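Undergrad: Line by line, the protein sequences give chains A and B.
The opening residue of the first sequence carries number 1 in the working numbering; numbering runs sequentially from there.
The opening residue of the second sequence carries number 1001 in the working numbering; numbering runs sequentially from there.
Heads up, some of the hints might be wrong.
[What the hints assert, rightly or not] Derived Cβ-Cβ restraints for the label pairs, each shown as a range:
hint	chain 1	residue 1	chain 2	residue 2	range
1	B	Lys1310	A	Gly311	25 to 35 Å
2	B	Thr1151	A	Ser276	49 to 59 Å
3	B	Thr1185	A	Pro282	57 to 67 Å
4	B	Val1108	A	Ile27	40 to 50 Å
5	A	Glu238	B	Met1102	34 to 44 Å
6	A	Thr73	B	Thr1110	46 to 56 Å
7	A	Gly78	B	Met1102	52 to 62 Å
8	B	Ala1136	A	Ser52	27 to 37 Å
9	B	Gln1109	A	Gly78	49 to 59 Å
10	A	Gly311	B	Thr1305	24 to 34 Å
[As the list claims (entries may be wrong)] Computed cross-link-like contacts, PhoX-like style, restricted to lysine-lysine with a CA-CA straight-line distance of at most 20 Å:
hint	chain 1	residue 1	chain 2	residue 2
11	B	Lys1174	B	Lys1139
12	A	Lys200	B	Lys1174
13	B	Lys1207	B	Lys1140
14	A	Lys172	B	Lys1268
15	A	Lys61	A	Lys200
16	A	Lys61	A	Lys31
[Unchecked claim] Every beta carbon over 12 Å from chain B, so not counted as near; a handful from chain A, in silico:
hint	residue
17	Ala71
18	His82
19	Phe117
20	Gln120
21	Asn126
22	Arg147
23	Phe149
24	Gln188
25	Asn212
26	Ala214
27	Ser276
28	Glu297
If you're looking for bench data, these hints aren't it; they were derived computationally from the structure.
What you are looking at is a predicted structure, and each value in this text was computed from that prediction instead of being measured.
For every residue, glycine included, the Cβ atom is placed at its ideal position computed from N, Cα and C.
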Amino acid sequence: MVSPPLLNVTDLNVHFPVRGGVFLRTIGSCKAVDGVSLTLQRGETLGIIGESGCGKTTLGKAIVHLLKPTAGTVMFEGQPQHHDRRQRARDFQMIFQDPAESLNPRQTVGDIIGEGFVVQKMGTPNERRQWVAALLEKVGLPTSSARKFPFEFSGGQRQRIGIARAIALKPKLIVCDEPVSALDVSVQSQVLNLLMDLQKEMELSYLFISHNLAVVKHISDRLAIMYLGKIVEMGPAEELYRAPRHAYTKALISAIPEADPTAPKQRIRLTGDIPSPINPPPGCAFGHRVKAPRYEESLKQPIALKEITPGHFVSNCPCCVE
Amino acid sequence: MSEPLLTVSNLEVGFTTDDGLLRAVDGISFEVQAGQTVGLVGESGCGKSVTAFSLTRLLPQPSGQILGGSIRLLGRELVSLPLNEMAKLRGESISMIFQEPMAALNPVQTIGRQLGEIYALHHTCSPPEALQRSVAMLKKVGIPSPEIRLTEHPHQLSGGMRQRVMIAMALALKPALLVADEPTTALDVTVQAQILDLISDLQHEMKMGVLLITHDLGVIAQTCDEVVVMYAGRIVERAPVQELFANPRHAYTRGLLSSIPRLDGTPKTRLPTIEGTVPALSEMPVGCRFCMRNGATPDSPTLFTRPEYKEVTPGHWLELCPRCCT
Chain A
1 MVSPPLLNVT
11 DLNVHFPVRG
21 GVFLRTIGSC
31 KAVDGVSLTL
41 QRGETLGIIG
51 ESGCGKTTLG
61 KAIVHLLKPT
71 AGTVMFEGQP
81 QHHDRRQRAR
91 DFQMIFQDPA
101 ESLNPRQTVG
111 DIIGEGFVVQ
121 KMGTPNERRQ
131 WVAALLEKVG
141 LPTSSARKFP
151 FEFSGGQRQR
161 IGIARAIALK
171 PKLIVCDEPV
181 SALDVSVQSQ
191 VLNLLMDLQK
201 EMELSYLFIS
211 HNLAVVKHIS
221 DRLAIMYLGK
231 IVEMGPAEEL
241 YRAPRHAYTK
251 ALISAIPEAD
261 PTAPKQRIRL
271 TGDIPSPINP
281 PPGCAFGHRV
291 KAPRYEESLK
301 QPIALKEITP
311 GHFVSNCPCC
321 VE
Chain B
1001 MSEPLLTVSN
1011 LEVGFTTDDG
1021 LLRAVDGISF
1031 EVQAGQTVGL
1041 VGESGCGKSV
1051 TAFSLTRLLP
1061 QPSGQILGGS
1071 IRLLGRELVS
1081 LPLNEMAKLR
1091 GESISMIFQE
1101 PMAALNPVQT
1111 IGRQLGEIYA
1121 LHHTCSPPEA
1131 LQRSVAMLKK
1141 VGIPSPEIRL
1151 TEHPHQLSGG
1161 MRQRVMIAMA
1171 LALKPALLVA
1181 DEPTTALDVT
1191 VQAQILDLIS
1201 DLQHEMKMGV
1211 LLITHDLGVI
1221 AQTCDEVVVM
1231 YAGRIVERAP
1241 VQELFANPRH
1251 AYTRGLLSSI
1261 PRLDGTPKTR
1271 LPTIEGTVPA
1281 LSEMPVGCRF
1291 CMRNGATPDS
1301 PTLFTRPEYK
1311 EVTPGHWLEL
1321 CPRCCT
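For reference, chain A alone in the conformation it holds in the complex (with noise of 0.2 Å):
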C-alpha cells in the first residue's frame, strides 16, 4: 500500500462574514479560499502564486489551523488535524513575510527560539540554551545571538531567526508566507538556499506562498496558481512554465519582468483588477475580468480542475483553457 501524502486538503472553504447594518448582522460572505484541494508528499516543495487578494494566506493560514475553516478537510498524514495545539506545533510551522513584525520585540531571539522546547515541556533550561545554540549555527548566525534583541538584527538575520523558530520542533511541514519578498536579492538568494539546505537536510516539506514567479518556481517542485480563492491550474513547476494552459497561467508569466533586456517583450496586457471576493462573479472570475469573449460558456458548467496530463490539473473553463 502506498502511504497517504503528508497533507491531503480536500474541498477547503475559508469565509468570512460581511457584517453590516445597524446589528452588524450577517449580509453576505467573503469566499477567500473556495473550494481548494491539493496534496503535498514529504520533502516537497509546492509553491502558490497568485496576486494578493487571492487567497494564498488564508490558505497557508487555514492549514497550519490559525484559521478555521468554513468547510472541507485536512488531512496530515491520512488522520485529520490534531485537536491539541501543542501536537499541532510538532507537525507544522509557519515562517511570514515581514521578519519584524512576528518576532516579539521585547523578547530575546533565544527566548524566541526556545519558545517551543518551553511549552512542549522539553529538556532542562540548560538542554534548552544548548539547543537554541545549536539551532543559531544551523540558520548561520553566530550563537552569541541568542542574547541580542530582534530589533539588533537585518531584515534578512531576522528571517533567519523566524526560520530557526520554525524548525526548532522539527515539524514535517512549513508554511512559508512570501519569506523573502521584504528582503534584498543579495540576501534573497542567501535565505532561499537556507531553506532548500534545510529542506534536504531535515526531509522537510514546504508549502512556498509567493507573488515572485521566479522564486518559487526555483525553490518548488510542483506550483499552484489561485485566482479570486480558487486554483486554476497545478502541476510540475518546469511543465508548467513551459507550457501553461489557463488564460491567466500565460497573463502571469508574461508579466514577470525578466532580467534580461534582449529578451522579446510580448507581454499579454490585462485589464482590470482583481474582482473583490465578497462579490465574485458569476462563472469564470477571470474571464469576466478580461472580458474574454466565450465567457458566456462558462455560466453553463460547473467550473472544476482536470488533470490534462499526470500531475497536471487545469480548471476546466472553456473561455481560459482552450
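Could you slot chain B onto chain A? The hints should help.
TA: Just chain B now, kept in the frame of chain A:
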C-alpha cells in the same frame, strides 16, 4: 551636443544624527537625457531614495542636507535655488512618484480635490476648468469612469488605481523629468506590467526623462535605456542596459545579476550569493566599499584610497577598484 536634461555631479548628501554626520550619498555623478529612462538600482540603504529626494529638494528637514556638488535641471542649478522657486519647479519641471501611494495621498481629501489643487496652484485655473483637466488626466492614465473616481477618497481605490492617481498627479503639468521611486514595488506583477507600460507610453508622448529607482533588475532590464548601480552611497557602475547585463565589470554588479533566480534556471539548485552585508554608514572605509564583501582583508590597500570613477569604454562608467573590477 546639447546639455542633458539633468546633470548630477559630485552630489554629496548627509544626515546629522546622534552619531554625527552620516554621508548617505558620497559624490555621485550621472546624467539623464530628455526622453531617456535611467534606472537607479541598489540594495536598501544604498542611497537611491536619498538621491531622489535630493533632486526634488524634499530631504527630511532639518537633518538631511546637501553637502556639496551640483544638480542641474534644464540649465538651472537646483542646489542653491531658494525654496519658493523650487516649489514652482516641482510639478512643472520635475515631479516624483512615491513607492507607497496610500502614504503619499491625503486620506481625508477626495481624489478630485488633490488633483485639482495642482492645476489651481500652478495655473490659477477656475474650479470647473481644473475639474475638466483632472477628468482628462485620469482618463489618460486609464482610470475607468473618472468623474465618479474624482469624488472618492484614496481608500476606496485599489493599489493599482491609487498608483495611477499618483502618476496622474505627477504628470498633470507635463514635467520634463519624472523621478519614480519604486513605483511598482507594492504592486502585483500583472498590475506592475500595466503601470510600467503606462509610464513608458506617457513618456513617449511627452518626451519626458525618467529616473526609475528600483531594486528589481527585471524591471530595469525591461524598461531602462541606461542603468546606474549604486552601492553604499556611491555609484559603482553605470552603462547602457544591454552593455551592463552582457558585460558587467564590477564585482557587485556581477554578484547582483547572478543572485536573482532565473525562470529558465535549474530548479532547486543553490543560488550564488554575495557574502556579508553592507557596512554601516558610520564604519564606511575611505576606499572601495565593496572590497570587504569581496574577500579583502582589513589591511588591503584598496580600502584606504578612493577608487577613481571614470568612463572605461564609451558610455560605460566604473569605479575602478583594482580588486573588484575586471
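Undergrad: Should the label of Gln188 of chain A as a non-interface residue stand, given a Cβ cut-off of 12 Å to chain B?
TA: Since the minimum Cβ distance to chain B is about 7 Å, Gln188 of chain A lies within 12 Å and the statement is violated.
Undergrad: Given the hinted pair Lys61 of chain A and Lys200 of chain A, is their Cα-Cα distance within 20 Å?
TA: Between Lys61 of chain A and Lys200 of chain A the Cα gap is close to 24 Å, so the pair fails against 20 Å, i.e. violated.
Undergrad: Is the Cβ of Ala71 of chain A farther than 12 Å from every Cβ of chain B?
TA: holds, 28 Å
Undergrad: Once the closest CB in chain B is found, is it more than 12 Å from Ala214 of chain A?
TA: violated, 5 Å
Undergrad: Run the C-beta distances from Asn212 of chain A to all of chain B and say if the shortest one exceeds 12 Å.
TA: Label violated. Min Cβ-Cβ 8 Å, cutoff 12 Å.
Undergrad: Would the non-interface assignment of Glu297 of chain A survive a Cβ cutoff of 12 Å against chain B?
TA: holds, 24 Å
Undergrad: Does the Cβ pair Gly311 of chain A, Thr1305 of chain B satisfy 24 to 34 Å?
TA: At 59 Å between Cβs, range violated.
Undergrad: Would the non-interface assignment of Gln120 of chain A survive a Cβ cutoff of 12 Å against chain B?
TA: Its Cβ never comes within 12 Å of chain B, the nearest being 31 Å, so this holds.
Undergrad: Could you let me know if the closest chain B CB is still more than 12 Å away from the CB of Phe117 of chain A?
TA: About 29 Å separates Phe117 of chain A from the closest Cβ of chain B, which puts it past 12 Å; holds.
Undergrad: Please check whether Ala1136 of chain B and Ser52 of chain A have a Cβ separation lying inside 27 to 37 Å.
TA: holds, 30 Å
Undergrad: Going by Cβ atoms, does His82 of chain A stay more than 12 Å from chain B at every point?
TA: holds, 30 Å
Undergrad: Is the nearest Cβ of chain B still more than 12 Å from the Cβ of Phe149 of chain A?
TA: Nearest chain B Cβ is 18 Å from Phe149 of chain A, so the label holds.
The earlier numbered hints that this structure contradicts are 1, 2, 3, 4, 7, 10, 12, 15, 24, 25, 26 and 27.
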